[in-house]
Amino acid sequence: MLGRFNIPAAALVFVGAAALGCAGRGYPSSETGGTGSGAGTGSSTGTGGGGGLDTASLLQADVRRLTNAEYDASVQALLGTKLTPAASAFSADSKQSGYTLNEGQVVASQMAKDLDTAAIALVTEARGNGKLAALSPCADPVKQGATCAATFVNTFGAQVYRRPVTAAEAANLATVYQAAVTGDTGTSPYNDGIDLMARTMLESPGFLYVTELGPGAPSADPSLTLTPYELASTMSYLLTAGPPDQTLLQAAASGGLASPDDLEAQARRLLASSGSPARLVRLVREWLGIDAIGQIAKDANWYPDYASLNAAAVMDDETTSFINEVLQKKTGTVNELLSASWTVINPTASITASTISTYYSKFYGVTGGSGETSLAGAKGGARVGILNQGAFSAVYAHASTSAPVLRGVAVMRRITCIPVPDPSTLKITVPPPPPPDSSNPETTRALFNVHGTTSGCASCHDSIDAFGFTFEGYDAMGEYRTIDADSKGAVHLGTEKVASSRSQAIGGYEYLPIDTTTTVKGTSTDLDQAYASSNALATVLASSPTVASCAPMQLFRGSTGRSDATGALTASETAFQSIWSQLSADKQGNIAEILIAYLRSPLFSQRRTM
Amino acid sequence: MKKRSASRRSFLRAVGAGAVALPFYRLLEDHFAKAYGETLPLRFIGIYHPHGIAGELFALQYAGNFPAGAPSGVTDTVTTAGGVASSTSFNLTYANCALQPFDDAATYGKSYKSKVTIIEGIDHLSNANGHDSAGTIFTGSTIDASALKPANSSIDQFLAVENGLGAATPITSIQLGVGDNGTQSGTTLSYSKGGIALPKIPDPVQAYTALFGNFAAPNDAAAQAALMRQQQLGTAVATSAYSDVQSLYGKLAAPEQQKLQAHLDALSDLKKGFAATSLMGSNCAVPAKPSSSNFPQLLRYQGGEPYFDAITKAHIGLLAQAFACDITRFATLFMADLSYAANPLMLPTDNHGSVAHPYNGSPVGSDGSPVGNGDPTTWALLAKFNRYCYGNIATLMKQLDAMGVLDNTLIYASSDMGNPARHSTRNVPTVLAGGANGLITMGRRLKMTPDCPSTNLWCGPTDGVTPTDYTPITNNHLLVSIANMFGVEVNSFGTQPNKSDITGPLPGL
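Chains as they are written, first to last, in this note's numbering: chain L, 108 to 717; chain Y, 1024 to 1532.
Bound conformation, chain L alone:
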């Protein structure tokens, strides 16, 4: 299957996408997947350094701010603290294309204050437990304080900034030292000076930004190569969400990051390290958009159990545990993420074994506890892969109703990379939905059928809704519809509960049969076919070449922190797909191998000059 996938096929995906019916609707041409010419230039990439890539395909030189997770991991690595200032106090990361690692994050006023508060707390702790003293030894702090301080800048400062400190930065820090010791009537002006410098370093751009600027010497070259320290930092953060360790920094200092083989060796070492699993789990969760599950609430009138079951937290744990299991203990492939017939939930302090087993029986209709649990006998027949676990359907739903359009768009944009324009970019009148009529109750699917019969909607919604309707087996909580008993005690599995005032209603509700069979058409991909349900869809997606070539692009986006504002494919993403397509079949579907392919390529080590 995957072995037959080659460059011309990659171009075909995007020509095919342009032929999508949506294209006729004033659809900006840039969304038709880039030039495809990127496919033709990638011939020697992945083998030697710097070969063959068009400069226009390179990412632009830039800087990006550390994410909250990266900040916490960095201060923990530097000072051995157990504090997590960013997770507890900073404003939430602002995302780009769903990813927290992105070049759009800034340090705004509130963040600058929060950084200062955190820096003070960290320095106070490190002074109190002897860590700072150990980092700043001085034989004669009274007479040689400034000299010892300069040494501290070059040793600890280099660790904080992940590279040697520049002369300008050192001069600024020396001024900070003097500000602390001047007029200091305390017992140790030297210690106060060290403390203030440490506080400053933790608020300085050398710490807060990962740079992708190269050596910085002005040149006429259209492209530049990242410095070894930049390679070390960028690689470390994208694989572990943490700063480069001593081994990596030493390799940077001694020319040990010069070749793609060097980079691959370090990457494999980092992938086996303790910080990597959490980072990769986050990357996959942000890719699918299910990282939001912890914040999802549901209408208590329809789903009174949602809060008492702690369902959001359990599903949050499930996605993390499952993805972690696939990546660390199983095949680590996109195919397995999408097609596994099992799941895993690991109990935590707040999620007990009893909560987990209640979730399994209520949502899935299986008996399960901690550890791997088969979903082969689940209500509705099965639960295939991560898309059929609770979180996906709960995130892409409203407070009380399912949302076929949200689910369909999520599948198309995130899993298949088939472009879906937003109706606000097209000149289309979006009629408001008719208010539900309890004297003529309809299922959610029936209400959305208006898309198929309204001109201007069908060309996009035929495919969007077809994908989305396959998930109609799940309500807004992600539970298989619908298992609550009516007032006569009858259980209504496989039906949608709707408000009704008709004579056959029981307790104000009727239970109407659901239909998850659809046919996707008009995408001009291998996905144009009939599906019995979301389980059938997931099985097809897991082996689809369309999906296989989309995953590397998404992982590239989430690792580089760059994406086009309209969601269109950039030249870099197109170039990476062509690099990826050169991998052997067994590696193309493997998430770690996809990241290593990126790290070996000129896309990682070079940038386009501004």
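In short, the hints are calculated from the structure, not lab data.
Just so you know, these numbers come straight off a predicted model, no measurement behind them.
We treat Cβ as the ideally placed atom computed from N, Cα and C, and that holds for glycine.
It is possible that some hints are incorrect.
Some, not all, of what chain Y presents toward chain L, calculated at C-beta under 8 Å [to be verified]:
id: 1; residue: Q1255
id: 2; residue: A1264
id: 3; residue: E1279
id: 4; residue: A1285
Given the coordinates of chain L, work out where chain Y should sit on it, guided by the hints.
Just chain Y now, kept in the frame of chain L:
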């Protein structure tokens, strides 16, 4: 910037130029100036309340505003000029009226009817889902579909930062929120230049520290000395970081430099924030620090809902006192709902799904759509929530009044949607409140020209190209008017594809 007035110059001569550097100088000068009848600098609070409005219980009540006749049996007196209907004689006390709190002396000590201007018919052209549209309220910008952010700064940042009106106060501006700490366009009101979202402070304890953390009583020499030392150290830190950011700035191309400019501005604010604040003045007193045990949870969906009312009231108290002490002059407040079981409003647990969404409007509240006369029980339910929100604003007005600063304050309150069941951003509720230094005639109601013709009441933003039926009156015009009130002479504000939508002040204001 304006020259000091005659009375202020005489005060300066009296105390000597050296006094200008003292932290409390400005407050004494204000006090002196006020005694001479001068107006104090204008202050701004932008407020968001969720879930739109029950239009039938918000609208001016007069024949011709809705064909079915005034449901309340009340008729407001209306005159029309240039298409804009206005009223200075109107009733806010009829049964279920959403605006009752502004004319409720029994609850708020006096009626604030003469200090509000209520405006119907403004449209927010966010070009995005209603739930993502809060970012349009104070920016007047479309929300980019993929990046989900506006294109320009919000009015509070435009005035406070870009036009330097926040430079004189220890805190340039403050952004407070209830129940949310994210920076999505649907929950963010304040944006710096380029549409960069500014996060909100959801925790009143943190807000207190931000506003009053640097206070030391004037007769406490040890505390004063400690604060001076902290200022010295903090200034050194911020100065060093600022210099490093400047070096990095020089290495980037212009579009990328914008994010480092935000960092530079942030460090300037940080430096300013280290200055010890010494507070004097008859109405200025440092409030008691809120107790975190009153807010054990702060965020929605994480158990924060039962504390949202307490958090809102705490934020309101801090804002009033901060304005009284002139710690800041620019604030935004993002309010939340009370979506929890057994909430004190006795609304259904899910204020969104069970109150806003079932709202079934008549043509008055449904943008004229031809779906019947609606369901009055749903209007009353939503209006009950609206009254809670307006009640919070009336509480804020009462506290600003008690501090003597209501006359110098302009409050601009709106919601992301008009009809929430449709997620419509047309005909949103707009309330201006406060004295605004007399620069607006308060105690009025205005209704903008209809955005759709009578032959197609249900037209919408994407109808046609040319000629178009849809002629909105955007909040952009109001933002132009507000900028002008603050002495910033612009004739356009915000980002829209159609230039006429961003140009000119609000008609009839």
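To see whether the hints hold, each was checked on the structure:
Interface hint status for Y/Q1255: upheld, as the beta-carbon distance to the closest one in chain L is roughly 6 Å, under 8 Å. Residue-level restraint check for Y/A1264 holds (minimum Cβ-Cβ distance to chain L is 5 Å; threshold 8 Å). With 8 Å as the threshold, the beta carbon of Y/E1279 comes within range of chain L, its nearest partner Cβ sitting at about 5 Å, so the hint holds. Annotation: Y/A1285 was flagged as interfacial toward chain L, and the flag holds, the nearest CB pair being 4 Å apart, inside 8 Å.
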